[in-house]
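S.K.: What follows is the residue order along each chain.
Number of protein chains: 2
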Amino acid sequence: VMVDRRERIERLLQAEELRREDLEELQPYDVAVVLPDLEPERQIRLLILLPPDVAAGALEHLDADDQYAFLVERLPVNTTHAVLAAMSTAALVDLLKALHPRQQQAVLRLVPPADVEDVRALMAYPEGSAASRMTTEYLAVRAQWSADQVIRHFRHVGRDVEIAHYVYVVDRAGKLIGVTSLRDVLLAEPEMPVADFMHASVVSVQATADQEEAARILRDYDFGALPVVDAEERLVGVLGVDDVLDVAEEEATEDIQKGASVVPLDTTYSRASVWSLYYRRVGWLAILVLLNLFSSAVIAAYSSTLAAVLSLAFFIPLLIGSGGNAGSQSATLMIRALATQDVRPSQWATAFAKEVAVGALLGLTLGALSALLGVFRGGWGEAGWTLGLVVGITMVAIVVVANLIGMTLPFLLSRFKLDPAVASSPLITTIADATGLLIYFSIAAWLFGIG
Amino acid sequence: VMVDRRERIERLLQAEELRREDLEELQPYDVAVVLPDLEPERQIRLLILLPPDVAAGALEHLDADDQYAFLVERLPVNTTHAVLAAMSTAALVDLLKALHPRQQQAVLRLVPPADVEDVRALMAYPEGSAASRMTTEYLAVRAQWSADQVIRHFRHVGRDVEIAHYVYVVDRAGKLIGVTSLRDVLLAEPEMPVADFMHASVVSVQATADQEEAARILRDYDFGALPVVDAEERLVGVLGVDDVLDVAEEEATEDIQKGASVVPLDTTYSRASVWSLYYRRVGWLAILVLLNLFSSAVIAAYSSTLAAVLSLAFFIPLLIGSGGNAGSQSATLMIRALATQDVRPSQWATAFAKEVAVGALLGLTLGALSALLGVFRGGWGEAGWTLGLVVGITMVAIVVVANLIGMTLPFLLSRFKLDPAVASSPLITTIADATGLLIYFSIAAWLFGIG
Chain A
5 VMVDRRERIE
15 RLLQAEELRR
25 EDLEELQPYD
35 VAVVLPDLEP
45 ERQIRLLILL
55 PPDVAAGALE
65 HLDADDQYAF
75 LVERLPVNTT
85 HAVLAAMSTA
95 ALVDLLKALH
105 PRQQQAVLRL
115 VPPADVEDVR
125 ALMAYPEGSA
135 ASRMTTEYLA
145 VRAQWSADQV
155 IRHFRHVGRD
165 VEIAHYVYVV
175 DRAGKLIGVT
185 SLRDVLLAEP
195 EMPVADFMHA
205 SVVSVQATAD
215 QEEAARILRD
225 YDFGALPVVD
235 AEERLVGVLG
245 VDDVLDVAEE
255 EATEDIQKGA
265 SVVPLDTTYS
275 RASVWSLYYR
285 RVGWLAILVL
295 LNLFSSAVIA
305 AYSSTLAAVL
315 SLAFFIPLLI
325 GSGGNAGSQS
335 ATLMIRALAT
345 QDVRPSQWAT
355 AFAKEVAVGA
365 LLGLTLGALS
375 ALLGVFRGGW
385 GEAGWTLGLV
395 VGITMVAIVV
405 VANLIGMTLP
415 FLLSRFKLDP
425 AVASSPLITT
435 IADATGLLIY
445 FSIAAWLFGI
455 G
Chain B
5 VMVDRRERIE
15 RLLQAEELRR
25 EDLEELQPYD
35 VAVVLPDLEP
45 ERQIRLLILL
55 PPDVAAGALE
65 HLDADDQYAF
75 LVERLPVNTT
85 HAVLAAMSTA
95 ALVDLLKALH
105 PRQQQAVLRL
115 VPPADVEDVR
125 ALMAYPEGSA
135 ASRMTTEYLA
145 VRAQWSADQV
155 IRHFRHVGRD
165 VEIAHYVYVV
175 DRAGKLIGVT
185 SLRDVLLAEP
195 EMPVADFMHA
205 SVVSVQATAD
215 QEEAARILRD
225 YDFGALPVVD
235 AEERLVGVLG
245 VDDVLDVAEE
255 EATEDIQKGA
265 SVVPLDTTYS
275 RASVWSLYYR
285 RVGWLAILVL
295 LNLFSSAVIA
305 AYSSTLAAVL
315 SLAFFIPLLI
325 GSGGNAGSQS
335 ATLMIRALAT
345 QDVRPSQWAT
355 AFAKEVAVGA
365 LLGLTLGALS
375 ALLGVFRGGW
385 GEAGWTLGLV
395 VGITMVAIVV
405 VANLIGMTLP
415 FLLSRFKLDP
425 AVASSPLITT
435 IADATGLLIY
445 FSIAAWLFGI
455 G
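Residue numbers (my numbering), protein chains in the order written: chain A, 5 to 455; chain B, 5 to 455.
Mixed in with the good hints, there may be bad ones.
As the list claims (entries may be wrong) - SDA-like cross-link-like pairs, simulated, lysine to any residue; straight-line CA separation at most 25 Å: (1) A/Lys358 - B/Asp41; (2) B/Lys358 - A/Lys358; (3) A/Lys358 - B/Thr272; (4) A/Lys101 - B/Asp41; (5) A/Lys262 - B/Glu253; (6) B/Lys358 - A/Gly178.
Calculated directly from the structure, the hints in this document are not laboratory data.
The whole structure should be built from the sequences, with the hints applied where relevant.
M.R.: Structure follows, in structure tokens:
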């Protein structure tokens, strides 16, 4: 269905003559996808002919640099005026934040003066706050208005609001005192005052709260939009659930990158420069090199054991690798469970008991498997059996211990108010390496009677 | 704000006497959170007194077993009737799917007969399809109706619809031919037929499409809801963006679990049994043990080199660990970029060039660092300098190669229509181990003139 749609749009836009009536049905996103592939003159002609709200919606999907080029350098000024007037304040703020101050000025001069104030107010909120994504184009009414009055008001201003299905009720000071929906207004008796059918107990979010918190409230409560209030409980904007879908994906991307010891990129991979990719990866890699010195120290301490039974070296990657893998698994499961609030930090004891059991089962399975491999490698004589025993016992111990390290570290981090995601796979692997070697050589020295 | 809210609700529900007027303002989610902590009799009393839609909304947040216990075993039958009538079909379907067939029958006998058919139709759609999450309680009108007629219709049925802000237009056969919003209906001239102001080009999703595709469309197009159609383009339901927020989080959780070589859990960590956790982790761990045999084989092949310069063993964890870490980073970045469609499979050459550069920078940094460590460990004599040289050169080579392996594998997998996420951190680490050892011992044998 989607491919057909895209093809139809491409054919439409590549037709000899662009016709306004064909363009009216276009979706902004489709325009944004096709636009870059059109010839420069055709791009301009298309944006001029499109309804301004569609053109604005399409531009919102482009890079800030491309938006700037169209708005300030390439489009005729009357088109730019119309498009900027149709653009949502949130999109305008996103654009301005990505521009150089001089470019910001150039854009702001083209924005309708009435919107400039809203835009400036929004830009003052910190990046990542609930307020930084909200819209200021919502519907606010007074509690004593009748349902019919609200509908008349809506017919007057409804064209410009972005959140149209919720109606927020404020008092004289702008304090949020209730919420209702366009549905309830339509279903109410025309003469009934809003106060009689609104919900007076409103779930809202503070403007400075993290946008992740806002996303969580929207998800838990199944709301379509969430009002944003300042410290005095005054309504300052509304956050739509569609604005938060992006947040969920961005947060997931951040968590995934942290899980591989990458400092989260501030942009997408495709836009990140070589230098910024280097910079966000090298720090953890260097720290892990230093942590790896513990592993070197363990081997050095047991070098006489190793010299006596050189075949012990064969199993180093197998044993410490398996510990690292099991630890990565449990750390990853735990970090995600904490992030989605499936498991609370206070429930560590339950999780610990579970992982003791899971670790033991995994350890016994892998231990049996690797004992066989040890016997196979060491030969069927007594040395072979001893090697098999050492490798098998070590595997059980390493998997159980690494599994518990992986499970415990995220809890410890969250206990100390640190980000549990720091317990990334590479960090757990590195810790499991040193621990695993210590276990391996202790058991080997003991069972072979060396050291 | 949230904590205050929760406390207020707890105080309200623990008050001596529950009063209906206090309960009317409660949010279903808040009730669901507090409910399990109440005494059994109080739970029942609360659910009886609550408005049925709030009680239904609260129950939706509970486990299927708990919902069943309340609905069939604990609540009086008139409360159950009212709650089931108020419950959304989607929630009812979720509940029924999680129950034993005999329990399903017990619940279905209590559902209003008019809803049973809808529920059965929804249950026929495959798990994970767009249709499996949709609601059938939407607003459908005919193109020739006037705006005023739509509003009168809305006043009649609006109480029962779940998606209230979009109005879908269907023809006699039920085919979806247009869409408009309650806003546009209110803003239109009362006499104007819907055909004159609806959007005739509707973005929709096939009922059998993956719910992830539906989530992507909702996100890309910034829609509040997406109509779901069958193969004949007939409207069968509507998917709200709030239903899809859960999808985004579940998909992210799956990707994160795959990234640690865990077969995605079919439930949350806290609900997963020890056995199911074992089962979803042991497969990959065992495969990786077998893959690790390559590493053992490499060390065995170079055992004479190792015997001659035993201190080479000290650096095994450091070198292969760093390769694995760098490879995990690039694999993770690439898998996520492919999953979010930031990078297309066809763009592998650009990504490859980028990773050659990033890998070289990382390799040189870590190489310099580890050469120093090598000299330090080997002493300041000639042997020490040689060891430092071997370790430094090896580190550069390993990091560059492992980085490229990590980056390439996800592309190769997607090329062969396999899930790129299979290139998990543990798999990349294991491959990097064997490759790294081969590089290490080749360079060592060459520079020390052994083997």
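S.K.: Would you pick out the hints that fail for this structure and give their numbers low to high?
M.R.: 2, 4, 6
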